[in-house]
Each structure stands twice: as structure tokens, then as C-alpha cells.
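There are 4 protein chains.
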Amino acid sequence: MSKTETPIIILNYKTYMESTGKNAIQLSKYVQEASQETGVNMAIAPQAVDLYPIINEVDIPVYSQHMDAVSPGGHTGSTLPEAIKQVNASGTLINHSEKRMTLADIDAIVEKAKELDLVSVLCTNNVKTSAAVASFNPDFIAIEPPELIGTGIPVSKADPDVVSNSVDEIHKINKDISVLCGAGISTGEDVKAALELGSEGVLLASGIIKAEDQKQALIDLVSLI
Amino acid sequence: MSKTETPIIILNYKTYMESTGKNAIQLSKYVQEASQETGVNMAIAPQAVDLYPIINEVDIPVYSQHMDAVSPGGHTGSTLPEAIKQVNASGTLINHSEKRMTLADIDAIVEKAKELDLVSVLCTNNVKTSAAVASFNPDFIAIEPPELIGTGIPVSKADPDVVSNSVDEIHKINKDISVLCGAGISTGEDVKAALELGSEGVLLASGIIKAEDQKQALIDLVSLI
Amino acid sequence: MSKTETPIIILNYKTYMESTGKNAIQLSKYVQEASQETGVNMAIAPQAVDLYPIINEVDIPVYSQHMDAVSPGGHTGSTLPEAIKQVNASGTLINHSEKRMTLADIDAIVEKAKELDLVSVLCTNNVKTSAAVASFNPDFIAIEPPELIGTGIPVSKADPDVVSNSVDEIHKINKDISVLCGAGISTGEDVKAALELGSEGVLLASGIIKAEDQKQALIDLVSLI
Amino acid sequence: MSKTETPIIILNYKTYMESTGKNAIQLSKYVQEASQETGVNMAIAPQAVDLYPIINEVDIPVYSQHMDAVSPGGHTGSTLPEAIKQVNASGTLINHSEKRMTLADIDAIVEKAKELDLVSVLCTNNVKTSAAVASFNPDFIAIEPPELIGTGIPVSKADPDVVSNSVDEIHKINKDISVLCGAGISTGEDVKAALELGSEGVLLASGIIKAEDQKQALIDLVSLI
Numbered sequence: 001m002s003k004t005e006t007p008i009i010i011l012n013y014k015t016y017m018e019s020t021g022k023n024a025i026q027l028s029k030y031v032q033e034a035s036q037e038t039g040v041n042m043a044i045a046p047q048a049v050d051l052y053p054i055i056n057e058v059d060i061p062v063y064s065q066h067m068d069a070v071s072p073g074g075h076t077g078s079t080l081p082e083a084i085k086q087v088n089a090s091g092t093l094i095n096h097s098e099k100r101m102t103l104a105d106i107d108a109i110v111e112k113a114k115e116l117d118l119v120s121v122l123c124t125n126n127v128k129t130s131a132a133v134a135s136f137n138p139d140f141i142a143i144e145p146p147e148l149i150g151t152g153i154p155v156s157k158a159d160p161d162v163v164s165n166s167v168d169e170i171h172k173i174n175k176d177i178s179v180l181c182g183a184g185i186s187t188g189e190d191v192k193a194a195l196e197l198g199s200e201g202v203l204l205a206s207g208i209i210k211a212e213d214q215k216q217a218l219i220d221l222v223s224l225i
Numbered sequence: 001m002s003k004t005e006t007p008i009i010i011l012n013y014k015t016y017m018e019s020t021g022k023n024a025i026q027l028s029k030y031v032q033e034a035s036q037e038t039g040v041n042m043a044i045a046p047q048a049v050d051l052y053p054i055i056n057e058v059d060i061p062v063y064s065q066h067m068d069a070v071s072p073g074g075h076t077g078s079t080l081p082e083a084i085k086q087v088n089a090s091g092t093l094i095n096h097s098e099k100r101m102t103l104a105d106i107d108a109i110v111e112k113a114k115e116l117d118l119v120s121v122l123c124t125n126n127v128k129t130s131a132a133v134a135s136f137n138p139d140f141i142a143i144e145p146p147e148l149i150g151t152g153i154p155v156s157k158a159d160p161d162v163v164s165n166s167v168d169e170i171h172k173i174n175k176d177i178s179v180l181c182g183a184g185i186s187t188g189e190d191v192k193a194a195l196e197l198g199s200e201g202v203l204l205a206s207g208i209i210k211a212e213d214q215k216q217a218l219i220d221l222v223s224l225i
Numbered sequence: 001m002s003k004t005e006t007p008i009i010i011l012n013y014k015t016y017m018e019s020t021g022k023n024a025i026q027l028s029k030y031v032q033e034a035s036q037e038t039g040v041n042m043a044i045a046p047q048a049v050d051l052y053p054i055i056n057e058v059d060i061p062v063y064s065q066h067m068d069a070v071s072p073g074g075h076t077g078s079t080l081p082e083a084i085k086q087v088n089a090s091g092t093l094i095n096h097s098e099k100r101m102t103l104a105d106i107d108a109i110v111e112k113a114k115e116l117d118l119v120s121v122l123c124t125n126n127v128k129t130s131a132a133v134a135s136f137n138p139d140f141i142a143i144e145p146p147e148l149i150g151t152g153i154p155v156s157k158a159d160p161d162v163v164s165n166s167v168d169e170i171h172k173i174n175k176d177i178s179v180l181c182g183a184g185i186s187t188g189e190d191v192k193a194a195l196e197l198g199s200e201g202v203l204l205a206s207g208i209i210k211a212e213d214q215k216q217a218l219i220d221l222v223s224l225i
Numbered sequence: 001m002s003k004t005e006t007p008i009i010i011l012n013y014k015t016y017m018e019s020t021g022k023n024a025i026q027l028s029k030y031v032q033e034a035s036q037e038t039g040v041n042m043a044i045a046p047q048a049v050d051l052y053p054i055i056n057e058v059d060i061p062v063y064s065q066h067m068d069a070v071s072p073g074g075h076t077g078s079t080l081p082e083a084i085k086q087v088n089a090s091g092t093l094i095n096h097s098e099k100r101m102t103l104a105d106i107d108a109i110v111e112k113a114k115e116l117d118l119v120s121v122l123c124t125n126n127v128k129t130s131a132a133v134a135s136f137n138p139d140f141i142a143i144e145p146p147e148l149i150g151t152g153i154p155v156s157k158a159d160p161d162v163v164s165n166s167v168d169e170i171h172k173i174n175k176d177i178s179v180l181c182g183a184g185i186s187t188g189e190d191v192k193a194a195l196e197l198g199s200e201g202v203l204l205a206s207g208i209i210k211a212e213d214q215k216q217a218l219i220d221l222v223s224l225i
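Protein chains in written order, with the numbering used here: chain A, 1 to 225; chain B, 1 to 225; chain C, 1 to 225; chain D, 1 to 225.
Hint data in this document are derived by calculation from the structure and do not stem from the laboratory. You may find that some hints are simply not true.
Unchecked claim - Capping the alpha-carbon separation at 30 Å, the derived lysine-lysine pairs in BS3-like fashion look like this:
(1) K175(C) / K99(B)
(2) K114(B) / K99(A)
(3) K29(B) / K22(A)
(4) K99(B) / K114(A)
(5) K99(A) / K29(D)
(6) K114(B) / K172(C)
(7) K175(D) / K22(C)
(8) K99(B) / K114(C)
(9) K157(B) / K192(B)
(10) K192(C) / K175(B)
(11) K3(D) / K22(C)
(12) K22(A) / K99(B)
(13) K172(A) / K3(D)
(14) K22(C) / K114(D)
(15) K172(B) / K114(A)
(16) K172(A) / K114(D)
(17) K172(B) / K175(C)
(18) K210(C) / K114(D)
(19) K172(D) / K172(A)
To be verified - Heads up, incomplete: computed chain B residues facing chain C, CB under 10 Å, no partners named:
(20) T102
(21) V133
(22) P146
(23) G150
(24) S164
(25) D168
(26) E169
No experiment lies behind these values; they were computed from the predicted model shown. Virtual Cβ for every residue (Gly too), placed ideally from N, Cα, C.
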């Protein structure tokens with residue numbers, strides 16, 4: 001399976017205890033099993049500190065949650081793109097609503113991801129910002145209305161137009177960009193609806209991470225694809 | 001050697017290529033050897049992504065360069081203190097001049113470090129701010145005049161009073177805090193001068209990281225102690 | 001009445017429409033009248049853009065809500081302390097919970113306020129941070145537990161110890177600093193309780209700004225002093 | 001003269017002492033005189049605190065240097081768009097390199113400027129980011145390579161392609177946007193070259209503000225148009 005094959009499920013581990021440290025490694029194994037059992041491409045975005053141990057345990061695409069737009073040098077506490085590459089991460093989320101970046105830094109970090117052959121998953125909040133960054137040519141644009149994140153109300157139901165219109169506007173500029181959607185996604189119905197709106201996958205977090213049976217929740221998630 | 005034994009040399013890896021990834025692991029072995037050969041306590045602060053592989057290779061105190069003042073939850077791209085603890089880091093730098101924090105967050109993160117039994121190395125810029133945070137009771141306060149960082153002009157020569165006055169003011173409030181100094185430190189003379197001013201160690205970066213022979217530079221650094 | 005005479009009521013205009021532009025000027029006249037009628041010192045902190053017209057209409061202490069720790073130069077969009085002084089503002093809030101500053105910047109801006117003879121009202125969130133910044137020697141320290149701001153639950157009832165302990169700890173370091181409290185204050189009872197806990201005034205916003213009769217709300221506020 | 005008539009010279013006052021307070025008012029009169037004498041549209045962007053007194057003294061377009069993407073409410077120390085409008089400012093700079101904004105906030109503030117009928121001057125750093133935000137449809141896009149700001153090396157000489165390519169890319173998306181350029185501009189030759197590259201004006205600061213004779217410098221600036 002290519003690391004950008006779609007449909008794709010990207011699981012953002014955020015900083016939940018259920019997806020940190022030893023739990024993160026266990027969850028990553030569940031994701032790998034669910035991906036193998038269902039044949040659906042599943043990628044994960046753990047915290048920077050957990051990237052190395054996870055990458056050494058599983059063979060699925062592993063992304064960083066963020067990279068800073070800095071060059072090697074004196075930048076204490078920053079996440080250096082070259083360091084992410086050296087631990088063999090496959091890619092990175094960019095501009096997540098919980099880690100917004102300036103326009104100039106988004107541009108710089110998409111470029112840097114290309115230079116380093118890292119998959120770029122650029123997060124946006126509406127149709128207009130999605131269209132704006134399509135010209136940066138990231139691998140994925142993940143549209144997530146911030147007001148729906150963590151609510152359990154799926155974007156595919158609450159605001160289907162934001163998904164289909166983003167797909168249209170992005171593809172007017174660049175047909176090669178795969179559009180994802182996120183916010184409130186937790187069931188197979190949600191994913192099915194998302195794909196029917198023209199997206200090629202979903203970015204999600206608490207819907208799976210907080211599930212009692214994380215692996216089963218993942219299998220259910222892709223059951224209607 | 002206890003992880004807070006002084007004199008202590010703390011090497012901040014920042015985001016230099018010479019202290020990232022494979023280079024970071026090699027450098028960490030040099031630090032361990034130099035510490036063993038000289039009997040001087042040496043700690044390191046690599047990037048978050050490099051903590052796990054380094055901690056599995058060496059047996060010296062390993063600190064994070066930063067922790068975010070967030071609780072477990074939805075905080076994409078943040079450095080969760082609990083995640084730092086789970087990879088068995090010994091401690092953390094706090095409020096480095098390249099990663100300044102708000103007053104409220106400094107207080108919260110020193111508290112969190114104590115809860116998690118992590119050594120706290122709180123960085124400050126002058127005598128007044130050093131005195132201010134002494135009441136937070138961190139393990140170390142590292143005073144670094146920002147205008148000297150990376151210059152090669154040692155604080156112990158350029159501004160000896162900032163070191164000795166910080167030691168005095170901090171110890172008026174709490175005698176148990178070990179005071180370090182930093183900025184421009186690169187030679188054995190610099191370290192000797194720093195200790196004579198009442199500090200119990202140094203925090204440094206480029207002076208060692210950019211040295212042609214990093215291990216020898218470390219040995220030279222503590223040769224006059 | 002001296003501009004730092006206590007008890008003092010400081011009304012933070014924030015960015016409410018009821019305290020912006022023409023409304024801000026009208027509100028400022030009410031504050032002046034309430035102060036004259038009750039004999040209690042009342043100061044106001046409007047938005048930067050409204051400082052000039054307000055200062056030309058009323059003769060009460062007028063503070064900026066914030067100043068940036070920048071020197072004159074190339075800093076587009078910053079609030080320059082010297083500019084605040086030139087419009088004849090009396091002082092400034094510093095480090096409000098909605099505009100937190102780094103420790104180094106708080107130190108710098110308190111110093112700058114002294115140089116410019118501006119009254120400094122330094123906001124803090126708990127006893128420890130209040131004690132920490134007492135060594136900076138601001139004119140006022142205003143303790144506001146952020147979780148109570150805008151709730152209508154007065155700090156003087158919800159957490160009286162945070163007020164009295166802050167007063168104690170601050171006065172151990174410097175008896176000349178007047179301690180204020182804030183968060184949830186809206187009635188004469190609240191203010192009375194705050195003063196009985198050792199504070200010398202209150203910092204408040206929505207409790208007055210959102211009142212149907214702003215002037216009467218101010219008069220009621222100080223009715224039990 | 002319409003407030004968006006081109007060619008246009010926009011003078012960013014930043015936080016220089018030469019363009020603060022009383023000096024800002026004097027400078028604004030010089031700009032008005034230079035505009036009247038030369039017939040060239042000249043706008044100014046003073047600090048927020050100086051907007052009111054300047055707008056009451058001169059009759060040229062006056063912009064804010066920044067507006068925060070906040071709605072009326074509890075936002076101490078922010079620059080509320082509605083407050084800028086109430087003092088009769090004509091418009092605002094957005095995303096200046098010294099006050100970068102997130103992508104989501106740039107979108108929100110351009111929308112807010114339109115709602116409030118404020119001219120929007122959106123600053124960008126290169127061709128790609130200029131093209132990206134053209135879909136937001138601001139009145140002006142001002143391209144300023146940050147590495148040239150304040151150098152005295154004019155963008156029109158140092159990097160003419162960035163100007164002409166920005167004009168091309170922006171006009172592919174929206175022909176109605178006027179493109180400005182900035183960074184290092186100080187002479188009539190610089191302005192002439194900028195216009196020949198397809199821009200319709202310049203955004204500049206120190207080249208005029210630091211001039212010995214500010215008014216003459218302005219007249220010289222447009223002498224070759």
C-alpha cells in the first residue's frame with residue numbers, strides 16, 4: 001500500500017493519555033491490524049517524543065503532528081523538520097487548528113516537506129482557506145471546521161457543503177491534491193458520507209482514541225467504504 | 001552520581017544538525033564518556049523526537065528542551081509533560097530564551113515537573129527575573145543574558161556581576177536552588193570563572209556542539225574544575 | 001485625589017461594544033461622575049485607540065490595557081510605551097490574563113513604566129506568581145484567578161484565601177505595593193469582602209460594562225466601603 | 001481623490017519616535033501637503049493610539065497597522081476592528097511581516113474589513129503567498145520580501161521578478177486587486193521601477209520617516225511618476 005493511497009484514515013493522537021507512550025505503541029499496533037484486516041490505508045500522527053518507538057514497532061505511515069518553520073540552528077524547543085525525517089517519519093500534519101501557523105510559515109513548511117520527501121497534510125478551516133493553500137500543492141488538504149472538533153457532530157452531516165465545495169475549489173486549482181475532512185467523525189456512516197461528498201478520507205482523533213475498544217472502532221469506521 | 005549533583009554541565013542540543021538524530025546519539029555517547037573520564041556530572045537536552053533513542057543508549061541525565069503547560073487532551077503539536085516522563089527523561093529546561101513562556105505557565109510547569117519527579121532547569125535573563133522565580137523552587141536556575149547567547153563572549157567575563165548577584169538574590173529566597181550560568185561559555189577558563197562567581201555549573205550549546213572534537217571540547221571544558 | 005489613592009476601582013473596558021468608541025466616552029463620563037459623587041478613586045482602561053478622545057473628555061486616571069515590551073523602531077502593530085505616554089495616559093495594565101506576557105517582558109515593561117512615570121497594574125493568577133513579581137515593585141498587583149473571570153462568581157467569596165494570602169506574601173516582599181483583586185466582582189458586597197481580605201481595590205469589567213445602568217452599578221459597587 | 005486611487009504611496013509609521021504622538025501629527029500634515037502638491041494619492045498607517053488625533057487633523061486615507069481577528073467581548077489589549085471603524089479610519093494593514101497572522105485569521109480579518117467597509121492592505125512575502133491570498137479578494141496586496149525591509153536595498157532592484165510575477169499570479173486570480181510592493185524603497189527611482197514592474201504603488205516606512213526633510217523626501221519619492 002503506498003503511503004498516500006486513498007481512501008485514507010489519519011488518526012491524530014493529540015496529547016491524550018490513551019495515545020501517549022506505552023498506550024501510543026499499543027494503539028499503533030491496533031491501527032496496523034485494523035488496516036491489514038480491512039485493506040484500508042491508515043496513518044497515525046503521534047506526539048514527536050513517541051515517533052521513534054512507534055516507527056520501530058509498526059509498518060504504517062507515521063506522521064508528525066507539527067513541524068516548526070525553522071532551519072537547523074539555535075531554536076531550543078522547536079520541532080526541526082530534518083529531525084522528523086531522521087527518525088523515518090513518513091510525513092507531517094501542518095497548521096492543525098490546535099497549532100495554527102502564519103501564512104508565510106505554512107508556505108515554508110510545505111516546501112520543506114517536499115524537499116525532505118515528507119507527506120504533507122495541510123489542515124484548513126473553511127472553503128476559502130482551502131482554496132488559498134491549494135496553490136502550495138500539499139499532498140493532502142484536510143478541511144476541519146474548528147467549531148465541530150471534538151463534538152461528535154460529524155462535519156459530513158453538520159456542514160456537507162463545506163466538504164463538497166472545498167473539493168471543488170481545490171480541484172479547480174490542482175486536481176492532484178487529495179481532500180480529507182475532519183471534525184466530529186466517529187462512525188462508519190460518517191466516513192461513508194465524507195467519501196460521498198468527494199473527500200478521499202478523514203482525519204480524526206477522540207472518536208477512536210476515547211473508544212472503549214479502539215481496534216473495533218477503527219474496523220467499524222471503515223466498514224461501509 | 002545523582003542526577004542533580006554539582007558541578008554540572010548541561011549541554012543544550014538545540015536544533016543543530018550536529019546534535020540531531022544519529023549525530024545526537026553519537027554526541028550523547030561522547031558526553032557520557034567525558035563524564036565518566038572526568039567524574040563531572042554532565043546532562044544533555046536533546047530535541048523531543050530524539051529523547052527516546054538517546055535514553056536507550058546512554059546512562060546520563062537526559063532533559064527535554066521544553067514542556068508545554070498543557071494537560072492531557074486535545075493539544076495537537078504540544079509537548080505533553082506526561083509524555084516526556086514516560087520515555088524516562090530525567091528533567092526539562094523551562095523558559096529558555098529561545099522558548100520563552102508566560103509567568104503563569106512557568107509556575108504551572110515547575111509544579112508539573114515536581115509532580116512528575118522531573119528535574120527543573122528554569123532559565124532566566126537577569127538578576128531580577130532570577131529572584132522572582134526563586135519562589136517557584138525549581139531545582140536549578142540558569143541565568144543567561146540573551147544578548148551573549150551564541151557569541152562566544154562568556155557571561156563570566158562580560159558580566160560577572162549578573163552571575164554573582166543572581167546567586168546572592170536567589171539564595172536569599174531559597175538556599176537549595178543550584179544556580180547555573182550560560183551564554184558564551186566554551187572553555188575551561190569560562191567554567192572555572194563561572195564556578196568562582198558562585199554558580200554550580202553551566203548551560204551551554206554551540207561552544208561544544210560546533211567543536212571539531214566534541215568529546216575533547218567537553219574534557220577541556222571541565223579541566224580546571 | 002492622587003492617581004494611586006486607594007481604595008481604587010479599576011474598570012477594564014476590554015473590547016466590549018458597550019465600552020468602545022462613543023460608548024466608551026459616555027461610560028468614562030459616568031465613571032467620573034460616580035467617582036466625584038462617591039469620593040472613591042476610579043480609574044479606567046479603554047482600548048488604545050480610544051485613549052486620546054477619552055483623556056480629552058475626563059479627568060480621572062486612564063490606563064492602557066497593555067503595552068508591548070518594544071523600543072521605538074520597526075514594530076508594526078505594537079503598542080509602544082512612549083506612544084501611550086504621549087497621549088497622557090496615567091498608567092497601564094500589564095499581563096492581563098487575556099494578554100499574558102513572558103516573564104522577561106513583564107520585567108522589562110514594569111521598568112519602562114517607571115521610566116515613563118506610568119502607574120503599573122500588574123495582573124497575576126495566584127499567590128505564587130503574585131509573590132514572584134512583587135520584587136519587580138509595580139504600583140499595583142491585581143490578582144485574578146482566571147477561572148472566575150466573567151463568571152459573576154466573586155473571587156472574594158469563591159476563593160478568599162487567594163486574596164488574603166497574596167496580600168501577605170506580597171507585603172512580605174514589599175509593603176508599598178497595593179494589592180487589588182478581580183474576577184467575578186459586580187456588587188457592593190463583593191467589593192466590601194475584597195477590602196476586608198486586605199486588598200485595596202478591585203479590577204473589574206463585565207459586571208459594570210454590561211449593567212443596564214452603568215453609572216448606578218458603579219455607585220452601588222462602592223456603597224458599602 | 002478616491003481612497004484607493006492608484007498610484008498610491010502608503011507610509012507605515014511603525015513605532016518610530018519620528019512618527020509617534022506629536023511627531024505623527026506633524027508628519028501626517030506633511031503627507032497631506034505632499035499629496036496635494038503632487039496630486040499623488042498618499043495614505044498613512046499610524047499606531048492605533050494615534051489614529052484619532054491624526055484623523056481629526058488631516059483629510060487623507062488613514063489606516064490601522066493591524067486589527068485582531070476578535071469579536072467584541074473579553075479581549076483585553078486587542079485591537080477591535082469595530083473600534084478602528086468608529087474613529088473613522090479608512091482601512092488597515094493586515095499580516096505585516098512584523099505582525100504575521102495565521103491563515104485562518106487573515107481570512108477572517110479581510111472579511112471583517114469588507115463588512116466594515118475598511119480598505120484592506122494585505123501584506124505577503126513572496127509570489128506563492130501572494131497568489132494564495134488573492135482569492136480572499138483584498139483591496140491591495142503588498143508584497144514585501146522580509147529580508148529587504150529596512151535595508152535601503154529596493155525590492156524593485158534586488159528582486160524585480162518577485163514584483164512582476166506577483167502581479168501576474170494575483171491578476172490571474174483577480175484582476176481587481178491592486179498590487180503594491182515594499183521593502184527598501186526610498187527614492188523616486190525606486191518608485192518608478194516599482195510601477196514599471198506592474199505594481200500600482202509602494203508601502204514604505206524608514207526611507208521617509210528617518211529622512212531629514214520628510215516632506216521633501218515624499219515629494220522626491222513621486223517625482224518620476
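Violated hints, by number in ascending order, as checked against the structure: Those not satisfied are hints 1, 5, 7, 10, 13, 15, 23, 24 and 25.
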